[in-house]
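J.: So the chains spell out like this:
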Amino acid sequence: MAETNASDILVRFKNVQKSYDGETLIVKDLNLDIRKGEFLTLLGPSGSGKTTSLMMLAGFETPTAGEIMLGERSLNRVPPHKRDIGMVFQNYALFPHMTVAENLAFPLKVRGMDKTDVTERVKRALSMVQLDKFANRYPGQMSGGQQQRVALARALVFEPQLVLMDEPLGALDKQLREHMQMEIKHLHERLGVTVVYVTHDQSEALTMSDRVAVFHQGEIQQIDSPQGLYEHPRNTFVANFIGENNRLHGKLLSRDGERCTVGLENGERVEAMAVHDAAPGQPVSLSIRPERIKLNVAQEQNRFSGRVREFIYLGDHVRIRMEACGNSSFIVKQPIATLDPKLAVGDVISLGWNVEHVRALDPVELAE
Amino acid sequence: MLNPTMSPIEKVWHYVLRITSGLTLLFLIMPVLVIIPLSFNEGSFLVYPLTGFSFRWYQDLFSAPEWIRSLQNSMIVAPAATVLAMVLGTLASIGLTRGEFRGKGIIMFLLISPMVVPVVIVGVASYLFFAPLGMDNSYTTLILEHAALGVPFVIITVTATLQGYNHNLTRAAANLGASPITTFFRITLPLIAPGVISGALFAFATSFDEVVVTLFLAGPEQATLPRQMFSGIRENLSPTIAAAATLLIGFSILLLLTLEWLRGRSERLRTS
Numbered sequence: 001m002a003e004t005n006a007s008d009i010l011v012r013f014k015n016v017q018k019s020y021d022g023e024t025l026i027v028k029d030l031n032l033d034i035r036k037g038e039f040l041t042l043l044g045p046s047g048s049g050k051t052t053s054l055m056m057l058a059g060f061e062t063p064t065a066g067e068i069m070l071g072e073r074s075l076n077r078v079p080p081h082k083r084d085i086g087m088v089f090q091n092y093a094l095f096p097h098m099t100v101a102e103n104l105a106f107p108l109k110v111r112g113m114d115k116t117d118v119t120e121r122v123k124r125a126l127s128m129v130q131l132d133k134f135a136n137r138y139p140g141q142m143s144g145g146q147q148q149r150v151a152l153a154r155a156l157v158f159e160p161q162l163v164l165m166d167e168p169l170g171a172l173d174k175q176l177r178e179h180m181q182m183e184i185k186h187l188h189e190r191l192g193v194t195v196v197y198v199t200h201d202q203s204e205a206l207t208m209s210d211r212v213a214v215f216h217q218g219e220i221q222q223i224d225s226p227q228g229l230y231e232h233p234r235n236t237f238v239a240n241f242i243g244e245n246n247r248l249h250g251k252l253l254s255r256d257g258e259r260c261t262v263g264l265e266n267g268e269r270v271e272a273m274a275v276h277d278a279a280p281g282q283p284v285s286l287s288i289r290p291e292r293i294k295l296n297v298a299q300e301q302n303r304f305s306g307r308v309r310e311f312i313y314l315g316d317h318v319r320i321r322m323e324a325c326g327n328s329s330f331i332v333k334q335p336i337a338t339l340d341p342k343l344a345v346g347d348v349i350s351l352g353w354n355v356e357h358v359r360a361l362d363p364v365e366l367a368e
Numbered sequence: 001m002l003n004p005t006m007s008p009i010e011k012v013w014h015y016v017l018r019i020t021s022g023l024t025l026l027f028l029i030m031p032v033l034v035i036i037p038l039s040f041n042e043g044s045f046l047v048y049p050l051t052g053f054s055f056r057w058y059q060d061l062f063s064a065p066e067w068i069r070s071l072q073n074s075m076i077v078a079p080a081a082t083v084l085a086m087v088l089g090t091l092a093s094i095g096l097t098r099g100e101f102r103g104k105g106i107i108m109f110l111l112i113s114p115m116v117v118p119v120v121i122v123g124v125a126s127y128l129f130f131a132p133l134g135m136d137n138s139y140t141t142l143i144l145e146h147a148a149l150g151v152p153f154v155i156i157t158v159t160a161t162l163q164g165y166n167h168n169l170t171r172a173a174a175n176l177g178a179s180p181i182t183t184f185f186r187i188t189l190p191l192i193a194p195g196v197i198s199g200a201l202f203a204f205a206t207s208f209d210e211v212v213v214t215l216f217l218a219g220p221e222q223a224t225l226p227r228q229m230f231s232g233i234r235e236n237l238s239p240t241i242a243a244a245a246t247l248l249i250g251f252s253i254l255l256l257l258t259l260e261w262l263r264g265r266s267e268r269l270r271t272s
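Taken in sequence, the protein lines are chains A and B.
Numbering follows UniProt numbering, in which position 18 of the first sequence is assigned residue number 18; successive positions increment by one, without gaps.
Numbering follows UniProt numbering, in which position 99 of the second sequence is assigned residue number 99; successive positions increment by one, without gaps.
Since the hints were made in silico from the structure, they are not lab data.
No experiment lies behind these values; they were computed from the predicted model shown.
We treat Cβ as the ideally placed atom computed from N, Cα and C, and that holds for glycine.
Some hints could be false.
Stated by the list, open to error - A short list of chain A residues far from chain B (calculated; beta carbon distances all over 12 Å):
hint: 1; residue: Ile26
hint: 2; residue: Phe106
hint: 3; residue: Leu108
hint: 4; residue: Arg259
As the list claims (entries may be wrong) - Once the Cα atoms are required to be at most 25 Å apart in a straight line, the calculated SDA-like pairs of lysine to any residue come out as:
hint: 5; chain 1: A; residue 1: Lys251; chain 2: A; residue 2: Ser350
hint: 6; chain 1: A; residue 1: Lys82; chain 2: B; residue 2: Lys104
hint: 7; chain 1: A; residue 1: Lys109; chain 2: B; residue 2: Tyr165
hint: 8; chain 1: A; residue 1: Lys133; chain 2: B; residue 2: Arg268
hint: 9; chain 1: A; residue 1: Lys82; chain 2: B; residue 2: Thr182
hint: 10; chain 1: A; residue 1: Lys174; chain 2: A; residue 2: Phe158
hint: 11; chain 1: B; residue 1: Lys104; chain 2: A; residue 2: Asp21
hint: 12; chain 1: A; residue 1: Lys82; chain 2: B; residue 2: Phe202
hint: 13; chain 1: A; residue 1: Lys342; chain 2: A; residue 2: Arg309
hint: 14; chain 1: A; residue 1: Lys82; chain 2: B; residue 2: Leu169
hint: 15; chain 1: A; residue 1: Lys28; chain 2: A; residue 2: Glu219
hint: 16; chain 1: A; residue 1: Lys115; chain 2: B; residue 2: Pro190
hint: 17; chain 1: A; residue 1: Lys115; chain 2: B; residue 2: Ala92
hint: 18; chain 1: A; residue 1: Lys82; chain 2: B; residue 2: Ile94
hint: 19; chain 1: A; residue 1: Lys115; chain 2: B; residue 2: Ser179
hint: 20; chain 1: A; residue 1: Lys109; chain 2: B; residue 2: Thr182
hint: 21; chain 1: A; residue 1: Lys123; chain 2: B; residue 2: Leu169
hint: 22; chain 1: B; residue 1: Lys104; chain 2: A; residue 2: Phe60
hint: 23; chain 1: B; residue 1: Lys104; chain 2: B; residue 2: Ala92
hint: 24; chain 1: A; residue 1: Lys82; chain 2: B; residue 2: Arg268
hint: 25; chain 1: A; residue 1: Lys342; chain 2: A; residue 2: Pro363
hint: 26; chain 1: A; residue 1: Lys82; chain 2: B; residue 2: Arg186
hint: 27; chain 1: A; residue 1: Lys36; chain 2: A; residue 2: Asp21
hint: 28; chain 1: A; residue 1: Lys82; chain 2: B; residue 2: Ile181
Chain A extracted, bound-state conformation (with noise of 0.2 Å):
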């Protein structure tokens, strides 16, 4: 990760803790820094304190502890009222009793901005999501996907420099959340505004975002690019959170530099890309994604065999569930282009892996 200069950073939680009842953290000392003009976006599974940080930043929640700057400011004692940050929320709270155009003038008018400038703001904002013809709609008159579209021009039309969006897209079917995808980030790129997006779906995560921050237990597990998040996951949690991945456990065998032995249960050795700092002796986690792994491999280091157990085609991939390694789930995702159609049911081969794709993480409790 980069350096970032001072100047750069928009936003920075330093310290922030919040406890509802004075006992459990939901947010556990956390500090980021949210750069300008960026795509952030807060990851994580219910309750792991995305939320709660989110509406912190938008005054809807104080912290327990700690502070929170916008730009040179703390925001600690400015209500929410006076932050000047946009936020598009989960199921849109758009004003019911307003048109769309009176919504989008609502931020407009409480701040006083005469008539025809508001007139004229609207209008851009409408055409900028696509809305011309809907300005005189009530929002109950209109789909769930024009909705959004009148919550995000509506959280833009004040021009903030800060936009929230708290899953945003929850509410939609799948193809018209996709499409979302692409306009949010669209609009992102042609605006230059900085966005900081909370959802628990990692796939929104990866397809819209600059860089990735993965909640755990009220704790950055990481942030990262998401190819970074993806490809060089820093433990267990966020390795399973994102994208399917095989496990292995076995035991620190040795370590030489980057890179470590470890010992599998039945015996087996992995060569493998040391991350957690473990000892020798030490129990270790294997992570190794299904699309990382070769059938029928010459090579001689990480090479195992497996019996093919089950077939799942998927039109574009097959997974192939086989016996390797100790492990009677091991998910092979194969391009049909590259599988070889006489493998069936029962045959035993062998595979592969390089490397720098299987990485030796903290080892999780068995009793999952």
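Use these hints to put chain B onto chain A, whose structure you have.
T.: What follows is chain B alone, placed relative to chain A:
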């Protein structure tokens, strides 16, 4: 509708239900229907059969000074008490639905109590409280007491409406830069208006036909229309009372229709 799959017993029940429902409605409306023809009766007794048609009791109603004054008093006390109950009740419900806090249940109970406690007790108690302060026989006291009787209705209807109110709208308004007061008048109030209006209607009706508390607190100066009717019944049972009653009925129906229309209109806005 009779369903072809009904057994004979079910058919009998079907008619029994219809007949009892009809009779219940008749029972409810009968006293109202009985009084109206009497107000147009020529004779000076409140009895059937009618002896002829005349407007003399209406003339009497609008010329006798004590009736005119009671009409005026009702038109002062009821609207004032309604406005007061509406404002206080709405504010109270918003406060009570905003969050959980200690003593919430007790406050709710206290505010609702005028509806539960027998009116006679409210009347006696308010008399015993206000009379030593020299505040009986005053419009202010009567309006305050009628407002207290109306507040529970406003609280109940507004609280019910607030259950369906999406509190994210308040947050959205704040996020868009609106102060809490602007948010209340531009967002919350328009959306809970159906509840506020229904509550106000009940509060108005409560004050408009209130006799007991008025008997205790109002002097002859403040006698309202129901109070005047009450003394009219005791002193001389003239059909002027029937005329006044008919007027009250007409006015109430008109009020009900207007407010129902208003409520329906904002309800449509809210859900469209």
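J.: For the pair supplied as a hint, lysine 104/B and phenylalanine 60/A, is the alpha-carbon distance within the 25 Å limit?
T.: Measuring from Cα to Cα gives roughly 23 Å; hence the hint holds.
J.: Tell me if the straight-line CA distance from lysine 115/A to alanine 92/B falls inside 25 Å.
T.: violated, 36 Å
J.: Has the given pair, lysine 104/B with aspartate 21/A, been kept, meaning a C-alpha gap of at most 25 Å?
T.: holds, 19 Å
J.: If you draw a straight line from the CA of lysine 28/A to the CA of glutamate 219/A, is it 25 Å or shorter?
T.: Roughly 6 Å between the alpha carbons, so the hint for lysine 28/A and glutamate 219/A holds.
J.: Can the restraint linking lysine 104/B and alanine 92/B be considered satisfied, given a maximum Cα separation of 25 Å?
T.: This hinted pair holds, its Cα atoms lying about 11 Å apart.
J.: Test the statement that arginine 259/A is away from the interface with chain B: the closest C-beta pair must be farther apart than 12 Å.
T.: holds, 50 Å
J.: Going straight from one Cα to the other, do lysine 342/A and arginine 309/A come out at no more than 25 Å?
T.: holds, 15 Å
J.: Is the hinted pair lysine 109/A and tyrosine 165/B satisfied, with a Cα-Cα distance of at most 25 Å?
T.: holds, 23 Å
J.: So if I understand the rule, the pair passes when the alpha-carbon distance is 25 Å or less; does lysine 133/A with arginine 268/B pass?
T.: holds, 23 Å
J.: Take the C-alpha atoms of lysine 36/A and aspartate 21/A, compute the straight-line distance between them, and say whether it is at most 25 Å.
T.: violated, 34 Å
J.: Confirm or reject: leucine 108/A is not an interface residue toward chain B, with every Cβ-Cβ distance exceeding 12 Å.
T.: violated, 9 Å
J.: Are the Cα positions of lysine 115/A and serine 179/B separated by 25 Å at most?
T.: holds, 20 Å
The structure fails to meet hints 2, 3, 6, 10, 12, 17, 24, 25, 27 from the earlier list, while all remaining hints are met.
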